Every structure is written in structure tokens, then in C-alpha cells.
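> Sequence:
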Amino acid sequence: MDTIASLFSFITTPVSWVIVQFHSVYGKIFGPDTGWAWGLSIVSLVILIRICLIPLFVKQIKATRAMQTLQPEMKKIQERYKNDKQRQSEEMMKLYKESGTNPLSSCLPILAQSPFFFALYHVLNGIATGSTIGVINESLLASARKAHIFGAPLAAKFTDGSSKVAALGASLTDVRVVTAIMIVLMSASQFYTQRQLMTKNVDTTVKTPFMQQQKMLMYVFPVMFAVFGINFPVGVLVYWLTTNVWTMGQQMYVIRNNPTPGSKAQAAYLERLTKHVTHHGKTRRRSEKTIIKAIVAKGRDRNEFERKFINGLTKAGLVAQADGTVVKGEAQAVAQTEDGVTSTAVAKRQQPKRQTKAQRQSAAAKAADDSTSASDSSASDDVSAAAGTTTSLEKSDEPQDAKPAAQQAPKSGSNGRSRAQSGQRKGGPQRPKSPSKK
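Residue 424 in our numbering is what sits at position 424 of the sequence shown, and the numbering runs on without skipping anything.
Treat the hints loosely; a few may be bogus.
[Claimed, not checked] Using C-beta positions, here's what the derived DEER-type ranges look like: (1) Asn311 x Leu56: 34 to 42 Å; (2) Val177 x Ser89: 40 to 48 Å; (3) Ile181 x Lys82: 45 to 53 Å; (4) Lys28 x Ser89: 53 to 61 Å; (5) Thr278 x Met93: 41 to 49 Å; (6) Leu56 x Arg286: 44 to 52 Å; (7) Ser139 x Ile51: 28 to 36 Å; (8) Glu79 x Tyr192: 32 to 40 Å; (9) Asp33 x Glu271: 52 to 60 Å; (10) Arg286 x Ala167: 51 to 59 Å; (11) Lys282 x Lys82: 41 to 49 Å; (12) Glu73 x Val177: 46 to 54 Å; (13) Ser162 x Tyr192: 46 to 54 Å; (14) Tyr192 x Ala167: 30 to 38 Å.
Please keep in mind that the hints were generated in silico from the structure rather than gathered at the bench.
Predicted, not measured: the structure shown is a model, and the values here were computed from it.
For each residue, glycine too, the CB sits at the ideal point set by N, CA and C.
Given only the sequences and the hints, what does the whole structure look like? Please build it.
The structure is reproduced here in C-alpha cells:
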């Protein structure tokens, strides 16, 4: 470890300078020789480093999202080469290369912290051995050697002997209890952070080699920290415990507000978002608009949770727009298809339902009965009108075509079409009927 720390000696001076600046501030509050002044200086160093690494963390999130967009292609490769693991891995690496993504991008924050970690280890090791390093002079070195965190010296280790611990003004029991608790907390926080990522923020519909690697690291990293932790000084344990707690809180924030599509965290987030949007009738934060905009843009590629979200808005009378906003659905008609695609269009006139053959025959028979009744009534009226003018054809000297026009009008048949009366021509002069013989 000393050899590795010496490789990062170029950054020891900046790290020691930052610690001294924080110590000068906290020393005025808690006293320059107290463990609170030196311990809080290390904690502040961690916070400063992690704030500087936020752009790198954002880049990591973007790279992770790019990996998520490749999930459908990964699934196809898995199904195509499910019996050939070697070919499957080759096709996966080819896909990563073509899309410009890197499955190891999640390790970037750890790699970026490594120089600061080893530089801090080098500084604390110099305090333990009583040698000045960086900007830490003799007076600061003596003050740091007097500092104790819960009874354990800042530069003490779990593996130190009783004579070395006694030289730092502490007991071996205090050192081992404090370091053991810190090692357990450090390993537990690392395991919880990784487990939270694997169980809540991973699309479980697609299994990739990258997921298997992450699952393996979930168990390997805590063991590694526990093994290496017994050789870390108390100050380094404070540094690493603080950075693990920061990572855990940062991960919880990302999972809650920007979850991975298809994960359990996304289902919980969209459920909360549905209640929030339906209650207020609109989106109130830019992050909500970004999520809704991405869901609308997916179209047919939406997963189960996203389709459920869109359907929930539709039931509430709301429509998600392409810009991420939500509007009332009265002025627009929303057509939902079975695959969850939502299309917005102007409301169309509703067409009558198509009748079956039996319904059409029944309607035609009813119309025929109505027409027959109307025809009989018309014939009765014609007979009454004819009786008022002449009683029989024998007593009438007038020709047949001299009858009133009402008797010559064609009658309506059952099929609704006009027909000529029997014995008459259709149009033109009518042929007189021969008198009936009695």
C-alpha cells in the first residue's frame, strides 16, 4: 500500500493543503488538537471532492441511460445466440463499440477518487510515522498525532501493536473497537448501495453480462473493503465511510427521481407522478416534463409501467403532450390502441352501428307491413270517392279516362317504388276498361 500511495505523491501537497485549510477553520471552533477538528477536516475534504465529481457523475448517468437504450438489441442478441455464450459476448462487445457506450462507465467515480484516496493515505501514514509531508509542518504534525476520534488516534490501524498504539496515547482496545465498527459500516454501506442499484434500478426484463458483473461486484466489493480496511488508518476509514454514505444518498436520490426504465423504481415513480399530475392537472417541475417527454416519444416502445401511466392520465381526462406538458382532454379525442400508443386527433362524428342480417330482415318486414296498411287505406278512400259520382259502370256514359285524377294516381307497393295500376299504361293516355258483364 505504501508503494501505491507513493505513486500518487504528486497530489499529496494539494490534499494536505486542503486539509490544513479546513483544520484552521474547525480548530477555532473545537480546538486545534481535537479529533473533531481533524475528523471534520477529512469529511469536508470528501464533500469537496464529491462536489467536484458531480459532472463526472452526470456523465456516468448519461452513459448508463445509453446502455439502457440498447436493452432491446441486447435481448435480441441473447435470444439469437442463447446456445453460444462466446458468440453472444462477441456480439455484445460489437454493439457497445458501434453505439459508443462503455459498460464500465459506472466505475468512473471510483477511478477518479483513487488519487485522492491514496494521497490521503500517504498523508496519514506520514502522521503515524512522525514525518512531515506536503504542507503539514512540525506543529501541525504534533497536533494531528494528539487528535483522537472516539478514543482512537487519527493515524492508528486495526493491525497496530499495543506499543505503537501506546506511543500515540491510546489503548489497543479502543483502537480495535473503533476501527472494527468503521470497517463494518463501510462494508455495509457499500453493499446496500450496490444492492439498491441491482434490485430497484435495473430493468429485470433483460439480462446482460454487465448485470452479472454488477451482481458479482455487489458481494466482492464489501469483502475487499473489509480485508483492506484492517490496514487503513482511522483517518482513511473516516474518509471512505463518508464517501460511501455520500454515494448511498446520491444513489437514493437518482433512483427516486430519475429511475431506470423498466425497473421497480420506475413503477413506483410513475405511480407517484400519476397521483401528482392528476391532483394538480399539470406538471410542476422540469424533471417531470423531461420524463413525460421521453415516455411520449417512445410510442410503441413503451414498457408496461409507461403504458399504465399514459392510461392513468387518459382515465383522469388528461393528455400527455410531446413537449412534456399535460393538458385537459375535452377538446381532443385520445385514441388508445392495444399496444399503448396514444394518438391525439379532432373528434369525429360517431357512425351508426352495423346491423346484422336478421335485424335488417326484421326492419324490412316491418316496413312492408306499414306500406300495405297505407295502401289499403288509400284504396278504401278511392272507392268512397267513386261511389259519390256513379254507382256502376253501366249507368255511366263517361269514358274511363274521365275519372278523377285521384283514381288514376299510381299506388305505392311494398318495396317503396311507384307502380302503374293494373290495366293502365305507364304514362300517356290510359286505355279505357271494358264494361263488366253481368
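> Evaluate each hint against the coordinates.
For each hint, the structure was consulted:
1. Asn311 x Leu56: 34 to 42 Å: holds, 38 Å
2. Val177 x Ser89: 40 to 48 Å: For Val177 and Ser89 the Cβ distance comes to about 47 Å; the hint holds.
3. Ile181 x Lys82: 45 to 53 Å: Given range 45 to 53 Å: holds, Cβ gap about 47 Å.
4. Lys28 x Ser89: 53 to 61 Å: holds, 58 Å
5. Thr278 x Met93: 41 to 49 Å: At 45 Å between Cβs, range holds.
6. Leu56 x Arg286: 44 to 52 Å: Violated, at about 22 Å.
7. Ser139 x Ile51: 28 to 36 Å: holds, 30 Å
8. Glu79 x Tyr192: 32 to 40 Å: holds, 34 Å
9. Asp33 x Glu271: 52 to 60 Å: Taking Cβ atoms as reference, Asp33 and Glu271 lie about 53 Å apart, which means the hint holds.
10. Arg286 x Ala167: 51 to 59 Å: holds, 57 Å
11. Lys282 x Lys82: 41 to 49 Å: holds, 46 Å
12. Glu73 x Val177: 46 to 54 Å: Because 52 Å falls inside the window, the suggested range holds.
13. Ser162 x Tyr192: 46 to 54 Å: This hint is violated: roughly 34 Å between Cβ atoms.
14. Tyr192 x Ala167: 30 to 38 Å: holds, 37 Å
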